[in-house]
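Each of the two chains sits in its own frame; use the hints to bring them together as a complex.
Top to bottom, those sequences are chains A and B.
Numbering that gives the first Met the number 0 applies: residue 0 is where the first sequence begins, and numbers increase by one.
Numbering that gives the first Met the number 0 applies: residue 0 is where the second sequence begins, and numbers increase by one.
Wrong hints could be hidden among the right ones.
In silico DMTMM-like links for lysine to aspartate or glutamate, alpha-carbon gap of 20 angstroms or less [as the list claims (entries may be wrong)]:
id: 1; chain 1: A; residue 1: K65; chain 2: A; residue 2: D81
id: 2; chain 1: A; residue 1: K453; chain 2: B; residue 2: E88
id: 3; chain 1: B; residue 1: K181; chain 2: B; residue 2: E208
id: 4; chain 1: B; residue 1: K99; chain 2: A; residue 2: E441
id: 5; chain 1: B; residue 1: K14; chain 2: B; residue 2: D51
id: 6; chain 1: B; residue 1: K109; chain 2: A; residue 2: E440
id: 7; chain 1: B; residue 1: K185; chain 2: B; residue 2: E125
id: 8; chain 1: A; residue 1: K320; chain 2: A; residue 2: E258
id: 9; chain 1: A; residue 1: K469; chain 2: B; residue 2: E107
id: 10; chain 1: A; residue 1: K62; chain 2: A; residue 2: D81
id: 11; chain 1: A; residue 1: K424; chain 2: A; residue 2: E410
id: 12; chain 1: A; residue 1: K424; chain 2: B; residue 2: E50
id: 13; chain 1: A; residue 1: K48; chain 2: A; residue 2: D35
id: 14; chain 1: A; residue 1: K453; chain 2: B; residue 2: E143
id: 15; chain 1: B; residue 1: K99; chain 2: A; residue 2: E440
id: 16; chain 1: A; residue 1: K345; chain 2: A; residue 2: E410
id: 17; chain 1: A; residue 1: K65; chain 2: A; residue 2: E34
id: 18; chain 1: A; residue 1: K469; chain 2: A; residue 2: E454
id: 19; chain 1: B; residue 1: K112; chain 2: A; residue 2: D439
id: 20; chain 1: B; residue 1: K112; chain 2: A; residue 2: E109
id: 21; chain 1: B; residue 1: K99; chain 2: A; residue 2: E466
id: 22; chain 1: A; residue 1: K469; chain 2: B; residue 2: D115
id: 23; chain 1: B; residue 1: K112; chain 2: B; residue 2: E77
id: 24; chain 1: A; residue 1: K166; chain 2: A; residue 2: E34
id: 25; chain 1: B; residue 1: K109; chain 2: A; residue 2: D439
id: 26; chain 1: A; residue 1: K424; chain 2: B; residue 2: E143
id: 27; chain 1: B; residue 1: K99; chain 2: A; residue 2: D439
id: 28; chain 1: A; residue 1: K424; chain 2: B; residue 2: D51
Derived from the structure by calculation, the hints contain no laboratory data.
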Amino acid sequence: MSKDDKILKEFTSKEYEHGWSVDFDVDQAPKGLNEDIVKLISKKKNEPKWLLDWRLEAFSNFKKIKEPNWSNLKIPKIDYQDISYYSAPKKKKMLKSMDEVDPELIKTFEKLGISLQEQKRLSGVAVDAVIDSVSIGTTFKDKLSELGIIFCSFSEAVNEHPDLIRKHLGKVVPTKDNYFACLNSAVFSDGSFCYIPKGVRCPMELSTYFRINASNTGQFERTLIVADEGSYVSYLEGCTAPMRDENQLHAAVVEIHAEKDAEVKYSTVQNWYPGDKNGKGGIYNFVTKRGICNGNNSKISWTQVETGSAITWKYPSCILKGDNSVGEFYSVAVTNNYQQADTGTKMIHIGKNTRSKIISKGISAGHSHNSYRGHVKVMRRANNSRNFSQCDSLLLGNKCGAHTFPYIDIENKSSMVEHEATTSKIGEDQIFYCLQRGIDEENAIALIVNGYAKEVLKQLPMEFSVEAQKLLSLTLEGSVG
Amino acid sequence: MLEIKNLHASIDNTKILNGLDLSVNAGEVHAIMGPNGSGKSTLASVIAGREDYDVTDGEINFQGNELSDIGPDERAREGIFLAFQYPVEIPGVSTTNFMKTAVNQIRESKGEKPLDAVEFLKLMKEKMKLVNIKQELLSRSINEGFSGGEKKRNEIFQMAMLNPKLSILDETDSGLDIDALKIVSKGVNALKSKENATVVVTHYQRLLEYIVPDFVHVLMDGKIVKSGDKNLALELEEKGYDWIKVKN
Ligand SMILES: Nc1ncnc2c1ncn2[C@@H]1O[C@H](COP(=O)(O)OP(=O)(O)OP(=O)(O)O)[C@@H](O)[C@H]1O
Ligand SMILES: [Mg+2]
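With the rest of the complex left out, here is chain B (with noise of 0.2 angstroms):
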């Protein structure tokens, strides 16, 4: 589904991705640890297609198409769902309004009919109930003054309305109080299916007990430095970060 090659990534001069690797196939889940700064937002925001980014090397491809031509909103539409690692505040735009926004939008691009207010109002509550999320949060201003936890799983009640072909989950633990951990977790087990993958960055072991990975990946200096299984986790748990650099 995802074939990422040789990928080369840089902002405003400074050099973030050093010919990373990376492939993720339909049904799988992978798990993508690393030091802070070492670039695994970055990746996230490449994958998006996020335009501050210069892609000076190599080649993303999702679902056989090379993505280097393609928009961050084409991208989406195509089934690329990010979850933020900071959710972005829209001021007045409540995440009702965003989403039927989205969901339209994306219908249309696909022929579809755009969904009237009570087809709208069923697939939202159905969602709803995935997250436990409350309708009068989903009324606020997006992200304004929401919690750190009401965030995250804000961004895991978009995953759901939007039924993404890859969801890349940035830090969607940190911030989640333990209650909170395993119901957004349930949420994205239960949206796990064979045709769609998810990728989550995550810097603990824990909520990978819950999302259990098919592959762990160690993101260092802008490459893909290691890769195991669920085991490698554990195993980067214990002994941190320089155990790998050491071995290298």
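Next up, chain A with everything else stripped away, as it sits in the complex (with noise of 0.2 angstroms):
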């Protein structure tokens, strides 16, 4: 990997404030995974002990399982002995300027319409202080903190914050889930913590974007939500510049609360790095998100678009405990090339009146391998509630695979299940009448896909919406003819 890559892997230069001590004494763990290296974590980030316990529980837990063989991907064999888990964060070189970023970076920048401040920040060229990140991140902090909410780093929750933490974390994803939550669980080294108080709207998206140090999360990020009675909060992750990074695996846990009367909306553009054309590197991308609509009426809204990535093993799921509680999903996944996704949600219908709705739209392209995994589970109690599930796959070309497993399972009589699925091919006839009209073969795929896939993405926020739609383009660029 090169050195640009590299520098790629951070958002911003600066150094942690919050949660490690200053005496490193080593700069990064030898590989491998042990408790003791569990114990180094926690003690380097400062940790209380009931955390480095609640870590050690869930390494225990690891020990005890086996890693998920029930997808429809071929994962090469994962060392895990292999993996360094633990680095100190490196101040990364500063670029003088844009002369020295890979030209092929710039090209995609500028595809994909990023701004040339944006653009420097991004692959780590300096910027002027004034438009600097972080003074954008401080005057963004001072904005919320008027309303009560509270967006920080989870290292710094974990100390400013400790009852909230301790309240909420695991509680959705627990210890003993799955294998690689229990992984990230053991070993993570950061992500974000949001809170948003009783009654309050937040008047703007939360983007990790824009959070400062949100750069060096590294492979195990930790990310938790919580919306108390009455609130909203839309939150946004990721970016649609193309991500690089040096670690292959990266296993993220994201969990949401949301209480009474609550709503959460949750928007991912995952755009790791792929792998090239015939398959080689690409991030292995193995992610738990799950939220609880605890209380009476809440609302938690999944939307995600997946274009990158070599592997991406992904279900984020919703438990409607509250009654009246909706939860939805609505996920474009995009793959080339060789990529593997296997992506799709799970809604557990616990409360009554609870609504559910699912929509996937799977678009393949070259030899890759697209799969839909969804679970609707309807419990005994959950009288009169509802689901809807739609998800239809696109194929690009003949060497491509798309696979719907959907799963169904239902304890009540009053509650009603519906599933849609379609699968079709970008119609011969379809680029015809686009290149009839003077659209180049690009733009027509473009525009399709689009068309195809715009259910969800009218989901975004608008700024967003526009540049996914460039990304999808882009994804697929050169998967015709």
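What follows is the structure in structure tokens.
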């Protein structure tokens, strides 16, 4: 991996201010995973004892359970002992000008319409102090704190809001949940914490992109979002710019709590390095995302645009515990070349009159494989619950694969579940129709694909949606003809 | 403007066009008639450059350029327009968006700057009037759930938006009610000029009362077997295609 790639790993050059002891004795832990490493991580981060114990419990569970093998993915054997689980945040060398940045990368930035300032920031070129991300982050933070909203790094939250963390951490994704979640719980490096107090409507999109220290959360990221009664927040994760990382394995965990009448909208654009045209390299992305609609009338909505990673294993889910609570999942997953994606959702209906909606749009090109996997479970008590699922697959070319695995499990007679699935190919007819109007093939595919994914894309916040559309086209560039 | 000589074309090894000649000059209207399956739509697709067809012999010249190495999108940008017999649905893409992409890509190819939202809307409003089409229809996914007549009207709207040199209308009249036929014909006539040409493919003499052709050709078995003026269409309507077969 080139120097530029390494530099790209970070959003900003800002060193950590919180959570790290000053007197490092090691920069990087030796490879391997054992109890001492877990203890080392916790110690380096000055964590309280309860958190260390929590990590150790997760680690002991990790040792007991097996890697999942039920997905429709071909995952090369991962040697968990060959990974270093801790490295001190380093200050990266700044580039002097855009001239030093990989021209290929600049091309991609331009196609995505990312401004020059942003290009500089993303590729690690020094930017003016005024528009520097840190100052953006600070003004941003002041505004939020006036409303009592907490939005900070996970490490910072452990120190400054220990009660909130202790109350919610691991309650939706417990330490014994699944293999990758256990791993994350044992060794997570950092992440984000967000708390919206009672009755507060967060006035802006909360974006990890703007948070100070958003960089360097590394391969095991932990996010916790708590929306107290009657609050609202829209949270954005990721960005459309290509994300490179020297770490191949990523296992993040996101937990969401929505209390009575609260609403959380969580949007993701995932664009990790997918590997090259021949399927070499690329990130393995094993994510556990789950939210609980704890109170009555609460709502959690996941929207994801997945374009990156060599392997994606991801099922953002909702536990609909409160009566009348609502869970939604909107997904566009694009795979090209040799990418593999196994993604979908779980909707667990526990409360009465709970409703869930699943809109999944898979797009496969090249030699890629794209699977939708969904589980709708309606528990005995969940009277009058409803689910609607629509899972569409679009194929470009005939070397790729699309698969749908819906699991439906209803224990309540008054509830209703509807599932629709379609598989289609981009028609020669559609492309010719576009060509005949003077639209070239690349734009034709972009137009058709964006039309196909529209229902999902329109769920994204405005500017994000425009960027995501460009990203879809870019991912499929050169996939036909 | 369009000069077709000895055109042979096949699809999946089935020969469809067998030595077709056709010459269309600027300012002219040509009608092509012929029995089902005779190759009318094939001819239209081959002129537009659809790659599923193999041109095995002959040539097509458009404005002095031989077209064989020119792709369909470039032909469109050069001014060839095809109103499809069966317009295609593209879910999630509105006609507005479709046309905006097309208009701006054509402009870009000519070195003109793209129209901004206001300019584009103005152009749309103007052309909408011409074919009496409603904004609501243009905001819907193109052709999805459109009635037969709406699809055809939408094709002519697109023709008006793109202002082509050569328009080929493939059975645009089929599926239109009498009022719509008049409106669409009026639109086509309004777009007619000394600089452009129109080829209408039709089965019915009725359309030719509204769009009056300078020439009428009969296409049978992949060839133009007879050409004449507008009276030929009347004669065909009366006597059917067997009449020509017998004469040959
Ligand atoms: N892929 C194909 N393989 C074999 N034959 C084909 C193929 N596509 C079209 N044809 C045949 O080519 C012939 C000409 O078709 P075309 O659509 O050009 O006819 P047309 O004159 O437009 O007829 P209509 O008046 O019904 O619209 C038909 O016999 C049709 O079945
Ligand atoms: Mg036809």
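Checklist entry - Any of the earlier hints contradicted here, and which numbers? => result Violated hints (numbers, rising): 11 and 24; every other hint is consistent with the structure.
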